[in-house]
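Keeping their order, the protein sequence lines are chains A and B. Quick note on numbering: the first sequence equals residues 2 to 233 in the numbering used here. Quick note on numbering: the second sequence equals residues 2 to 121 in the numbering used here.
None of these hints come from the bench; they were simulated from the model. You may find that some hints are simply not true.
As the list claims (entries may be wrong) - Below are the DMTMM-like pairs computed for lysine to aspartate or glutamate, each with C-alpha atoms no more than 20 Å apart in a straight line: (1) K34(B) / E44(B); (2) K83(B) / D40(B); (3) K123(A) / D89(A); (4) K30(B) / D40(B); (5) K221(A) / D9(B); (6) K221(A) / E18(B); (7) K54(B) / D214(A); (8) K54(B) / D89(A); (9) K30(B) / E84(B); (10) K54(B) / D196(A); (11) K91(A) / D107(A); (12) K54(B) / D176(A); (13) K103(B) / D91(B); (14) K34(B) / D58(B); (15) K119(A) / D176(A); (16) K210(A) / D9(B); (17) K127(A) / D89(A).
What the hints assert, rightly or not - To spell it out: a stretch of chain B is covered by chain A in this simulated footprint if at least three of its residues, at any positions, have a beta carbon under 8 Å from a beta carbon of chain A; those stretches are: (18) 5-13; (19) 21-30; (20) 34-43.
Nothing here was measured: the structure is a model prediction, and the numbers come from that model. Think of the CB as a built atom: it goes at the ideal place given N, C-alpha and C, for glycine as much as any other residue.
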Amino acid sequence: MSNLLEIQGVSKKYDKTQALNDVTLSIAPGHIIGLLGPNGSGKTTLIKILCGLLQPDSGTVLIDDNPVGPKSKAVVSYLPDKTYLDEDMKVEAVVAMFKYFYDDFDENRANEMLASLKIDPKSKLKTLSKGNKEKVQLMLVMSRRAKLYILDEPIAGVDPAARDYILRTIISNFDSSASLIIATHLISDIEPVLDEAIFLQDGSIKLFKSVDDIRAEHGKSVDELFREVYRC
Amino acid sequence: MPWNLNSDRPIFVQIIEHLQIDIITGVYKPGDKLPSVRDLAAEAGVNPNTMQKALSDFESTGLVHSERTSGRFITNDDNLIKELRKSLVDVQIEEFFKNMGKLGFTGKEIIQLVEQHVEK
Numbered sequence: 002m003s004n005l006l007e008i009q010g011v012s013k014k015y016d017k018t019q020a021l022n023d024v025t026l027s028i029a030p031g032h033i034i035g036l037l038g039p040n041g042s043g044k045t046t047l048i049k050i051l052c053g054l055l056q057p058d059s060g061t062v063l064i065d066d067n068p069v070g071p072k073s074k075a076v077v078s079y080l081p082d083k084t085y086l087d088e089d090m091k092v093e094a095v096v097a098m099f100k101y102f103y104d105d106f107d108e109n110r111a112n113e114m115l116a117s118l119k120i121d122p123k124s125k126l127k128t129l130s131k132g133n134k135e136k137v138q139l140m141l142v143m144s145r146r147a148k149l150y151i152l153d154e155p156i157a158g159v160d161p162a163a164r165d166y167i168l169r170t171i172i173s174n175f176d177s178s179a180s181l182i183i184a185t186h187l188i189s190d191i192e193p194v195l196d197e198a199i200f201l202q203d204g205s206i207k208l209f210k211s212v213d214d215i216r217a218e219h220g221k222s223v224d225e226l227f228r229e230v231y232r233c
Numbered sequence: 002m003p004w005n006l007n008s009d010r011p012i013f014v015q016i017i018e019h020l021q022i023d024i025i026t027g028v029y030k031p032g033d034k035l036p037s038v039r040d041l042a043a044e045a046g047v048n049p050n051t052m053q054k055a056l057s058d059f060e061s062t063g064l065v066h067s068e069r070t071s072g073r074f075i076t077n078d079d080n081l082i083k084e085l086r087k088s089l090v091d092v093q094i095e096e097f098f099k100n101m102g103k104l105g106f107t108g109k110e111i112i113q114l115v116e117q118h119v120e121k
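When you get a sec, could you build the whole thing from the sequences and use the hints?
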């Protein structure tokens with residue numbers, strides 16, 4: 002089976018800062034991967050390159066055998082770390098917009114999630130709390146039947162009960178031919194959901210291993226190993 | 002409610018332990034059908050691939066077996082379940098004696114303390 006994502010020798014520099022340094026990795030379909038690293042380690046830069054929002058200085062990226070472009074973007078569902086929706090829109094209008102915009106958007110799934118999260122489709126985005134706004138955006142992204150989901154800090158502002166719901170939604174909804182990359186600092190919350198963890202440090206991959214291998218080899222959870230590796 | 006999988010040990014090992022307890026306490030009865038991998042994974046709050054691995058490993062003990070296309074079932078063999086209960090009891094007792102040993106008690110003293118505790 003060919004890989005869903007192939008990254009070959011990708012580097013990116015901002016002025017004098019080396020944000021990514023010769024990153025090579027591949028991800029098979031059906032995997033949930035945690036992209037972990039301290040602030041400024043290159044997580045968001047890598048994600049933006051995968052989504053075509055930044056150009057790498059060197060190296061290649063293939064998603065579902067296509068270089069980053071319209072074809073790859075059609076199969077990537079991306080949750081950015083900042084909101085980009087018009088706050089004056091109602092939730093139902095945003096859902097309609099996504100349905101119009103994305104062929105793979107599943108409106109029923111979106112409405113089910115809204116009901117479970119007790120969010121009124123008639124409310125305007127700006128009247129929602131920070132956490133509820135995040136839930137709406139995550140719900141939109143997860144309602145697409147994409148091949149690669151990329152979530153940048155998806156659960157930071159969400160209460161623990163909703164976090165459980167969201168993680169359960171991710172587990173039960175996503176197709177076994179799809180993969181999901183989650184960049185987050187809340188490692189212990191998402192750890193049981195991950196197949197593999199990637200540790201980024203100063204733009205390079207320090208570790209890329211299955212969560213249970215990490216636990217078996219180090220006798221530690223990924224969260225504890227992270228705290229040890231990146232001790233300040 | 003996700004399962005309590007907080008220990009640092011591999012997650013699939015903790016899933017197996019959780020299922021063993023469920024079998025002994027009768028959450029799953031002999032011959033019961035287990036939920037699908039995906040449903041169990043969602044219930045436990047774990048990755049479906051990890052659940053799959055745990056269940057395949059668990060099958061090697063004979064306590065569950067899969068029937069092609071129809072799913073996984075708990076064994077009907079009462080002896081296997083009795084053995085499982087006994088092995089878990091042994092683990093608990095060993096752990097208890099080890100911890101009491103750390104507190105400076107030896108075999109007879111520990112048994113005395115247990116009897117006193119039960120009488121209270």
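Taking the hints in turn, this is what the structure says about them:
no.	hint	verdict
1	K34(B) / E44(B)	16 Å, holds
2	K83(B) / D40(B)	27 Å, violated
3	K123(A) / D89(A)	12 Å, holds
4	K30(B) / D40(B)	18 Å, holds
5	K221(A) / D9(B)	5 Å, holds
6	K221(A) / E18(B)	18 Å, holds
7	K54(B) / D214(A)	13 Å, holds
8	K54(B) / D89(A)	47 Å, violated
9	K30(B) / E84(B)	15 Å, holds
10	K54(B) / D196(A)	11 Å, holds
11	K91(A) / D107(A)	18 Å, holds
12	K54(B) / D176(A)	18 Å, holds
13	K103(B) / D91(B)	18 Å, holds
14	K34(B) / D58(B)	17 Å, holds
15	K119(A) / D176(A)	25 Å, violated
16	K210(A) / D9(B)	16 Å, holds
17	K127(A) / D89(A)	6 Å, holds
18	5-13	holds (count 6)
19	21-30	violated (count 0)
20	34-43	holds (count 4)
Hints 2, 8, 15 and 19 from the list above are not met by this structure, while the remaining hints are.
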